[in-house]
Amino acid sequence: MHDLKSIRDNPDGFDAGLKRRGLAPRAAEILELDGRRRAAQTAFQEMQARRNEASKQIGALKKGGGDASALMDEVASLKERIPAVEEEDRALGVQIEDILTSIPNLPAEDVPDGPDEEHNVELRRWGTPKSFDFTPLDHDAIGAKLGLMDFDGAAKLSGARFVVLKGQLARLQRAIGQFMLDLQTNDHGYTEIDPPLMVKDGAAFGTGQLPKFGEDLFKTNTGHWLIPTAEVPLTNLLGDEIVDEKALPIRMTALTPCFRSEAGAAGKDTRGMIRQHQFHKVEMVSIAHPDASDAEHERMTQCAETVLQKLGLAYRVIVLCTGDMGFSSRKTYDIEVWLPGQQRFREISSCSNCGDFQARRMKARFKAEGEKGTRFVHTLNGSGLAVGRTLIAVMENYQRADGSIAVPEVLRPYMGGLEAIG
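Residue numbers for the sequence shown, in UniProt numbering: 1 to 422.
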């Protein structure tokens, strides 16, 4: 959500930010509605004041035996007209809010301009893509040969974009999630949270999924939404809260199932586990001071990178261009891991700084020492990492010619010392 005052102060800057997002200017439309609403508010205040003044005059006239009929008619007229002005104020407020809540966050100044993913900019690489003396297989072929990855059984139960993992492959996925959670809590200082997997409308609105992207979510018959990421419940824990400046940053992490309808992904990644309706993910959320959020963004991204480094998986970091960023983000780094079976890098984490965009929607604030008022916090979120996609990366990078999978050394303690699957 955007600050109406900043649009009044700098409408050209607001429209320039929208243009970088590939959107039409909206400042004039917003300010025209805002002007009408402020006029309605002024009229309401003046009418209220006049009604109060006239009522006092009526009392004085009656007390002195004078004729108050004209004033009484005026008060009656004002009483009839005031509700219409109140309704105009309310309706214009709704119109303005509907517009503001539908407009994405404006990009940070250093975000590269561009209409789509082809204009994202690679920042760095780590590791060397693994080479094999045999033709590496996709993860789904590896899993099928081992008899531990069952898409047909999942389809029988639930339809497309689900999978059943069995035996040591199911254990490997659990091990990956536990390893990530331990790393983010023990080494990186995030507090583990076990949040609800269903949220109300207000929470989905706070992080920006509603009202625009409801079709991407699953909704229950109780009116709850299944979380698409733990970002939603973790960030909203600060909703309608005022925290002390000294408490910042607040760092939280959670390992949860995530649920996405993939409404806009028809025909994409139909094979394998890359794009599922249900998957596990370790999420990191930071609630930061506005002056420190850029540094926190770099730190969070490094926390995600460390997972891949410890697993020995080659990756690259890119900064998303203005046309490829998510709705709530002002700047996003994507981490893409090398998949030998596909011979390409694929996204495994997105780390975003949302500035005060989400905080305004959920009214998350902090009180600075020595200041009378409050300020909005900055919110950040990132995958640390997507567990299913990390499983894919481990399977493809640690596959052997005989069809087995070597277990990365850092995961062996979570696997009872097992060195290979198959």
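Take these hints with a grain of salt, some might be off.
Said to hold, decoys possible - Here are the computed lysine-lysine pairs in the DSSO-like style, where the Cα-Cα straight-line distance is at most 27 Å: (1) K212 <-> K5; (2) K145 <-> K156; (3) K200 <-> K212; (4) K5 <-> K268; (5) K156 <-> K219.
What the hints assert, rightly or not - Pairwise CB distance ranges, derived in the manner of DEER restraints: (6) G223 <-> P83: 47 to 53 Å; (7) P11 <-> G65: 53 to 59 Å; (8) G64 <-> R36: 30 to 36 Å; (9) G223 <-> R81: 44 to 50 Å; (10) D402 <-> I242: 17 to 23 Å; (11) P196 <-> S158: 19 to 25 Å; (12) T374 <-> G64: 49 to 55 Å; (13) T191 <-> E122: 47 to 53 Å; (14) P290 <-> E215: 30 to 36 Å; (15) I99 <-> R400: 29 to 35 Å.
Derived by calculation from the structure, the hints in this document are not laboratory data. Ideal Cβ positions, reconstructed from N, Cα and C, are used throughout, including at glycine.
Quick rundown of the hints versus the structure:
1. K212 <-> K5: Given pair K212, K5 holds - Cα atoms ~23 Å apart, limit 27 Å.
2. K145 <-> K156: holds, 20 Å
3. K200 <-> K212: holds, 15 Å
4. K5 <-> K268: Given pair K5, K268 is violated - Cα atoms ~42 Å apart, limit 27 Å.
5. K156 <-> K219: holds, 22 Å
6. G223 <-> P83: 47 to 53 Å: For G223 and P83 the Cβ distance comes to about 32 Å; the hint is violated.
7. P11 <-> G65: 53 to 59 Å: Since P11 and G65 have Cβ atoms about 57 Å apart, the given range 53 to 59 Å holds.
8. G64 <-> R36: 30 to 36 Å: For G64 and R36 the Cβ distance comes to about 42 Å; the hint is violated.
9. G223 <-> R81: 44 to 50 Å: With a Cβ separation near 39 Å, G223 and R81 fall outside 44 to 50 Å, so the hint is violated.
10. D402 <-> I242: 17 to 23 Å: violated, 60 Å
11. P196 <-> S158: 19 to 25 Å: holds, 22 Å
12. T374 <-> G64: 49 to 55 Å: holds, 51 Å
13. T191 <-> E122: 47 to 53 Å: violated, 33 Å
14. P290 <-> E215: 30 to 36 Å: holds, 33 Å
15. I99 <-> R400: 29 to 35 Å: violated, 57 Å
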